[in-house]
Amino acid sequence: MAALTGNDFDAIKAKVQGGAKNWIKVGMSTCGIAAGAGKTYRVLEDELSKQGHPVSLLTCGCLGMCYAEPLVEVCIEGLPRVVYCRVSEECAREIVRGHVMGRKLLQDYILAMHYEEAFS
Amino acid sequence: MIQATINQKPVTVPEGTSILQAARQVQVKIPTLCHHPDLPPTAACGICIVRIEGTKKMLRACCTPIENGMKIITHDPEIVEVRRTVLELILSNHPNDCLKCGRNQSCELQNLAADFGIREELFTKFIGGIPKDDSTNAFVIEPDKCIHCGRCIEICQEIQGVWALSFLGRGFNSRFAPAAGQKVGDSPCVVCGQCASHCPTGAIFEKDDTLKVWQELQNPDTFCVVQIAPVVRVAIGEAFGMPPGTNATGKLYTVLRRLGFNAVFDTSFAADVTINEEATEFVERFVNGKGPLPLITSCCPSWVIYLEKQVPDMVDYFSSCKSPQQISGLLTKTYYAEKMGIDPSKIVVVSIMPCTSKKTELTRTEEMFASGYQDVDYSLTTRELARMIKQTGKDFVNLPDSEPDHMLGDYTGAGVIFGTTGGVMEAALRSAYSFITGEKLGALEFEDIRGLKGVKELSVEIAGRRVNVAVAHGLGNVMSVLNRVREARAKGEPSPYDFIEVMACPGGCAGGGGQPYGVTDDIRAKRAQGLYQDDRDKQFRLSHENPYVQKLYAEFLGEPLSHKAHELLHTHYVKRMPG
Amino acid sequence: MEAVSLERAESIVAKWKNKKGNLIMILHDVQDAFGYIPEHVARRISRLLDIPLARIYEVLTFYHYFKLNQPGKYKIAVCMGTACYLKGSPEILEELKTILHVEEGATTSDGLFYIECVRCLGCCGLAPVMAVNGTIYGNLKKGDVVDIISRYSKEG
Amino acid sequence: MSEKTVLLQDTTAGSTTGTSDFFGVFKAALRESDLADNVRLVRVADMGVYNQGVVMTILPENITYANVEAHDIKRIIGVTLKHGNPVKDLLYQPKFRQMRLVLKNCGRLDPGSIDDYIAADGYRALLKAVEQKTPDEVIAELKASGLRGRGGGGYSTGLKWQFTREAAGELKYVICNADEGDPGAYMDRSVLEGNPHSVIEGMLLAGYAIGSSQGFFYIRAEYPLAIERVQKALDQARERGLLGNHILGSDFSMDIEIRLGAGAFVCGEETALIASIEGKRGTPVPRPPYPSVRGLWGMPTCINNVETLANVAPILLHGADWFAGIGTQTSKGTKVFALTGKVRNSGLVEVPMGTTLREIVFDIGGGIASGRAFKAVQTGGPSGGVIPEKYLDTPVDYDNLQKLGSIMGSGGMIVMDECDCMVDIAKFYIKFCVDESCGKCAPCRIGGYQILNILEGITQGRGTLQDLDRLILIARAMKMGSLCGLGQTAANPVISTLAYFEDEYREHIVNRRCPARKCRALLEFNIIRHLCKKCGLCARACPEKAITGDREHGYSIDTEKCIHCGVCFDVCKFSAVERI
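Protein chains in written order, with our numbering: chain A, 2 to 121; chain B, 17 to 595; chain C, 81 to 236; chain D, 130 to 709.
If you're looking for bench data, these hints aren't it; they were derived computationally from the structure. Treat the hints with caution; some may be incorrect.
Claimed, not checked - Cross-link-like lysine to any residue pairs, in silico, SDA-like; alpha carbons within 25 Å at most: (1) Lys361/D x Arg87/A; (2) Lys73/B x Leu602/D; (3) Lys507/B x Leu129/C; (4) Lys233/D x Arg87/A; (5) Lys355/B x Gly574/B.
Bound-form chain A, shown alone (with noise of 0.2 Å):
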């Protein structure tokens, strides 16, 4: 791969936040892993493919929020976004088929922090 130059920075931007508009991003560190953010993740996965619905399935790291690890965060267009809270294998469903096809919002497991850099 050619080595980057200044020019190439604004292009990377541009491009990274012109990608996926509905997206789900499960919290993989150790600790996640730890409270079964693996398995988190391949219910996703499955449960994605299997409603067919055009959403990115994306790892990050961690929000910091360890009591509530698996943490998921979900942006669907027009909804707001939100970050879930222990996402059992039923929850990580439930957000597939609830949250992201039947576009509600899941009761009792969004972790709402009053600080907005988790939301923004």
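Chains B, C and D: place on chain A using the hints.
Showing chains B, C and D alone in chain A's frame:
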């Protein structure tokens, strides 16, 4: 230069001077425990703490270079309290068996405990219970007495380059021992004994053979013969308060006789024999091409072990000549016994050596039994002899001088300088010159190969050819010399050296592992000076001029490297695979 | 057996030979390959790198990560980080020792389980935690231990 | 009207159950107002707000109300949901906010994607430096920012760089200290796993500033995932020409490799870390010379901690003034803490320097999980100390913590409640230091062991009052006489627990009692008759057969035979066994 104050008194010292050294300028000897002048500070014990005026923080004096404008306080009540607590902590991890410890009265920890007036145990005693290691016949390791100063490891690894001892484990359970669960006897150890002579406590201590020697001395059926190594004469006095380097040869002869030895010989005589053989060997190789160059000296048994274990590809360069200790013992049980009509089986030969590895040399190969008996029966260190003398209450300092027994006792100046680094080479060159040219050297002293520089080189012209020699002491200095030889060999070039002398201990035998404790370079130099003075004072200063040596060859051996000489005075070496 | 392991050790050393600061990395690779650092391998590394065996053992015994003996098939690491300690990991350890009849740092007689205490697995939010061959079990209670162990012993 | 979302939680109950009634009421009110189809009402698991009654956030306006009562619902519907205006008297002003500089992109970016990092303005600081700034200007910026080492020492990062730059040496090295050994702290792991490029960029900037061409990551072997992610990030950076020769087309060339730790806390100390990379035992050596003058293989070496390096790029991007505007007089920027222990929300928090301990523990951490009383917070790990409740309002910075007898350390913050015994805590930390002492220097090696032994005695009921004097004596000797930071600070947990909780020590010694009921050897167990269901479980579980009785008459404990193991207490399903 650095300007600072210590206890409010100004000091001016060169840059890099430690606070410890600088404090000497204001007559303060800061207490230390792990520090040894031979070694870089390990900063392990925490006794030498001092503080910068007006601050809380304490510094270790041994390893902190004094800086411009520093204001050092070497003692205040808190410093003394911390020192005492650290000392009490160390004592809580050290056995109390001072009375039966090998280092009783020469133990640096004991001295500190005395200075600090430790009267009771403040803390619970925890002793590891690690078993002793007495797998060599030279010294015993008692890990429980270790205070983790790291000196033995520093000397074994960094100065000697042997890497027999290592710090294993960590924390409270760390200990010093050879790697992989080996006993020290199976490790790369060369029994030089530098670890023992640098240990501040009784954790490494030479095996004591004095009881056995006492038994032989009181056995009416034995004929006890003693030989003293060159450098013992200028070191033993230290055990009796004499300044280092004082020549006590005459007193030694007297005291040994009074201890009950039937004959008192001098290993320096045998050194003269060694030179006759070795110098001839050199001439054979150098002039006549009979054998590879460089010729490497082999009279130091630790060096022999090192080369056999670590550098087996170089073993063929060794001089096959035995060491003076072995030659002296052999000649006692053959030549001397024959001449005196004594049954050699009744003769017990005891050697007094500056060295712990001489104990292992006694049985090194079957050639050490060339007389038909074990040529030398016991080898005592200088320290052991000093203890024997003290046991008899003899006033060593005021003893009258006496002469050695002749035949194997009279030595030349060349024989006696064996006891310091460069001495063997100097003695050999003196004789080799004569052997090659048939003339006598004008100036006998080779300043270039004297002194304490780790590797010394000299190039002399003999009969129109340059002889290049190297002298190394302290095993850690050897590899650079050997590598130059190896490189040349690999390139098919002639060796950069024709003749190499190696002594395992820093300073050669003067700094041997069996010498009185507390050695420093200053003391090594003084002991060497004592030997060089003895050399200058001698009527004969070339080994082959020793009339008794000439007589020996005439009556017994024939000539150097004769068949008989080969049979009796030479040995072989083994290429051991490294572990 | 020894020949195979030596061959493997030699290829590990070859990979690192010309890099600076390689000894600990080589030891890591060896331990990854064999589960511990066998003595004959340590001797071979000493010769290949031309460093004294004593240096290798000084390092091996200093760093708790390195093992001198073959550990059990399942390595159980009980976290003794502060959070886990406060939340009861000492009891988890006791329970393991009782169930498996083995001390920490040792392997069960059937060679299956090896228990060790480690410093912080980095999952303090799930304290107390333990890991079996890297799989982490969090929010443990004393009673959970039997279940987890029996899962592994069934697999053998 | 547009769609709205209402997030709802009863923060007092700490669970969702309390909200169900309110949820129903609200739902009904929405139906009444014909808004049921336009407003999404969602119960959330955690609002990050504690003890504020019912809390709700209305999106997209992002208006948060606290202590909402049923009678407020009408106003909220009328004013906010219908017209988007706030109901002023209900507004919740968060007392406290985290501020994320280091953790900003952790949990947002894919750590496996360099593009993600670049899109978040990653490597722009490096670009700016190599294109527009001289190394000296970079150092000047760092110095002006006031950034201090986050590994615990708190030394000025800019000065450290300057000394390394000024030191003579043909080669210079940059080392990232990622040997996070403090038990109970994992900030560095999280950053390495979540945003490895931010640390790499910091290292490159350090390399550019000091004139180095080689960097090393020294990572704990216990962090396999972090190692994997850093390796991948390095590979990507190399592929993109951000590592190697002529980085970003400039004259600056540098590469970075990983070296692993192997389970030795002391290797967090700079000289020990260097020894470890060199393939030796990690024993510290005396300083000076400092690594900035003579470090790795004798060359000038700059060692910075992960979090420190992660701060570098933002500083260079946004300027020293921006960074210096955050924090306190002497401590600038933010600090990441691993908030764990008995706190409700354990996790990582990042706050500006100067935030009080109370804000961190109670406002962010949500207080004690069990509802028990707070006892102390421990900072600085094994080198730190405990801080009791009366100092909770202290603003956290390097100097304040030191004044309280603790230290900032790397950022472990462990919350303890009334069930935690301070003697036991001191014992835990000193045990750690005994295990981790390299064994080189006597005060640390033996002093730690003796302290552990004394504390063991006290918790076993064998303590004497002289032991307290001994503890002080040893602690002082360790502090003054140890060679490295580990030994000098190892006794801090003992000193600080003794300073603040001496009574608790005395209670153990004089009355043979553990007020926290933690030290089992000091506990007496008793069966409370009226709670006992006579099931006999305790009697069967007792290893010493110290519980006698039968199912008819009930059971009692023979205190002579009891070995205080506590099994009876653990097994009783009816809380009928009490600890006294």
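Hints and how they fare:
| no. | hint | result |
| --- | --- | --- |
| 1 | Lys361/D x Arg87/A | violated (28 Å) |
| 2 | Lys73/B x Leu602/D | holds (16 Å) |
| 3 | Lys507/B x Leu129/C | holds (23 Å) |
| 4 | Lys233/D x Arg87/A | holds (22 Å) |
| 5 | Lys355/B x Gly574/B | holds (16 Å) |
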